[in-house]
Amino acid sequence: MAPKSNFSKEEELLLQDFGRGLSAKSSAIFYFHAFIVSTVPLYLFSNIQQMFICENAILFGIGTIVSMYFISFAYKNNKFELKHKIAQKRGDGVSAEIHAAVADMDGNKKVSKKEKDERILWRKNEVAEAESIQLAVFNTNATFLAILIFLAFLIFKNYAPTPNYAISIFVASGLTALFSTSSQN
Amino acid sequence: MMKLITCICVLVACLAICQGRNCKSPKVNSKVYSTTSSHLSSRTAFVIQWTLDCEDKPMNVPLFSYVDGKQYPVAKSVDGEYYQISWSSEGIVPMKTFVAKFYDEDAYAKKRNWRSDSNLDIEQPTFTISLDHKGNEEALPIKAEKIALVAALLLLYVAYKETSDVKA
Chain X
35 MAPKSNFSKE
45 EELLLQDFGR
55 GLSAKSSAIF
65 YFHAFIVSTV
75 PLYLFSNIQQ
85 MFICENAILF
95 GIGTIVSMYF
105 ISFAYKNNKF
115 ELKHKIAQKR
125 GDGVSAEIHA
135 AVADMDGNKK
145 VSKKEKDERI
155 LWRKNEVAEA
165 ESIQLAVFNT
175 NATFLAILIF
185 LAFLIFKNYA
195 PTPNYAISIF
205 VASGLTALFS
215 TSSQN
Chain Y
4 MMKLITCICV
14 LVACLAICQG
24 RNCKSPKVNS
34 KVYSTTSSHL
44 SSRTAFVIQW
54 TLDCEDKPMN
64 VPLFSYVDGK
74 QYPVAKSVDG
84 EYYQISWSSE
94 GIVPMKTFVA
104 KFYDEDAYAK
114 KRNWRSDSNL
124 DIEQPTFTIS
134 LDHKGNEEAL
144 PIKAEKIALV
154 AALLLLYVAY
164 KETSDVKA
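As you go down the protein sequences, you meet chains X and Y in turn. The numbering used here numbers the first residue of the first sequence as 35 and each following residue consecutively. The numbering used here numbers the first residue of the second sequence as 4 and each following residue consecutively.
Derived by calculation from the structure, the hints in this document are not laboratory data. Just so we're clear, the structure is a prediction, and the values are computed from it rather than from any experiment. There could be a bad hint or two in this list.
[Claimed, not checked] Here are the simulated DSSO-like pairs of lysine-lysine, each with C-alpha atoms no more than 30 Å apart in a straight line: (1) X:K150 / Y:K170; (2) X:K191 / Y:K149; (3) X:K110 / Y:K27; (4) X:K119 / Y:K149; (5) Y:K170 / X:K123; (6) X:K148 / X:K123; (7) X:K110 / Y:K137; (8) Y:K137 / X:K191; (9) X:K123 / Y:K164.
[What the hints assert, rightly or not] Partner residues are not named here, just some residues of chain X that face chain Y (Cβ under 7 Å, in silico): (10) S60; (11) F114; (12) L116; (13) K119; (14) I120; (15) F172; (16) A176; (17) L179; (18) A180; (19) I183.
We put the beta carbon where it would ideally sit given N, CA and C, even for glycine.
Could you build the full structure based on these sequences and the hints that come with them?
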């Protein structure tokens, strides 16, 4: 028989909001952005290195999928790191916003402190979620593209296009994922 | 008697082979290419490709090519239909017409033996092909990939600064 969870419903919701798990919407956003940024090297290599997409379809497909996996992994890590910090920073502003909104409401309806706290927590989570997603995507994309351009057009520029693409995309996405695992305590 | 006939046959065969390696009344159908965009390339490439039709349809005509006094090897396609020469120059090449001169064996021998003070006719190529190079487009003083790298590093710095402000 499975052990009973020791957390209350509110605590479980809190863990869900601030845990590493992603909602369906967040996952969709991350995979979409990962796909877009993973296909940018295809444009670079097909136009500059003259690699035909049809002839190199298998390599491009594998590179794009592997890159998408690593980049979405990096998105998830960065978002988790940033969400806590953003929630702390935006706490005061969100509280003021909720208090102002409650004060504007109809005077007859009194809002309990518990409900006010829940609203503040919900709003804080919403703001932190949106901002952490955007910042994580921006940070990860900038890191990936900088490493990719450095490797593809400076370090490996004298290599044949095929190994150049393979090494650049795997190393760039791998390093991006690796850097995202670091944390500042 | 048999020896004499054999010798005559060998001599006639040699003459036939020698006669078949020159091109009379050549008709050339050519395509030319030169690099015009220098944004993404550091060298200027030139390619001349042609088909050759000679009057007596000789087989395997060896050709020798000269462009601006330099000799370039003449490549032939596997099916024997196309000939090609190519060369490249460092950097940007201004607008110019290159005249590629081609020699068959006889003409090449005359060219090698020709001297300005000799009584021989001036060296005459078997045929020539002109390549009009229209010049390269103006390139930026800094390479495109370096500009892209600087832009990417600036973006990375902005992203890092934003993240640091949040984590602080």
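Comparing the hints with the structure gives:
Straight-line distance between C-alpha atoms of K150 of chain X and K170 of chain Y comes to about 27 Å, which keeps the hinted pair within the 30 Å bound. Taken as a hint, the K191 of chain X and K149 of chain Y pair is honoured in the structure, with Cα atoms around 12 Å apart against an allowance of 30 Å. Proposed proximity of K110 of chain X and K27 of chain Y is contradicted: the alpha carbons are some 74 Å apart, above 30 Å. Between K119 of chain X and K149 of chain Y the CA atoms are separated by roughly 35 Å; this puts the pair beyond 30 Å, and the hint is violated.
Taking the CA atoms of K170 of chain Y and K123 of chain X, the gap is about 9 Å. The hint holds against a cut of 30 Å. Between K148 of chain X and K123 of chain X the alpha-carbon distance is near 22 Å, which keeps this suggested pair within the 30 Å criterion. For the suggested pair K110 of chain X and K137 of chain Y, the alpha carbons sit about 53 Å apart, so the restraint of at most 30 Å is broken. Our distance criterion of 30 Å between C-alpha atoms is met by K137 of chain Y and K191 of chain X, whose separation comes to about 28 Å.
Restraint check for K123 of chain X and K164 of chain Y: the C-alpha separation of about 16 Å stays at or below 30 Å, so the hint holds. A least Cβ separation of about 18 Å between S60 of chain X and chain Y goes past the 7 Å threshold, and the interface hint is therefore violated. The interface hint given for F114 of chain X is broken, as the beta carbon of that residue sits about 13 Å from the closest beta carbon of chain Y, more than 7 Å. With its C-beta approaching chain Y no nearer than about 6 Å, L116 of chain X sits inside the 7 Å limit, and its interface hint holds.
A cut of 7 Å between beta carbons decides the hint on K119 of chain X: the least distance to chain Y is about 5 Å, and the hint holds. Nearest Cβ of chain Y to the Cβ of I120 of chain X: about 6 Å, under the 7 Å cut. The hint holds. Because the beta carbon of F172 of chain X sits about 5 Å from the nearest beta carbon in chain Y, less than 7 Å, this interface hint is met. Look at A176 of chain X: its Cβ gets to within about 4 Å of chain Y, closer than 7 Å, so that hint holds up.
With a least beta-carbon distance of about 5 Å to chain Y, the hint placing L179 of chain X at the interface is held under the 7 Å criterion. Hint status for A180 of chain X relative to chain Y: holds, with the closest Cβ pair at about 4 Å, below 7 Å. The interface hint given for I183 of chain X holds, since its Cβ lies 5 Å from the closest Cβ of chain Y, which is under the 7 Å cut-off.
Hints 3, 4, 7, 10, 11, counting from the list given before, are not met by this structure.
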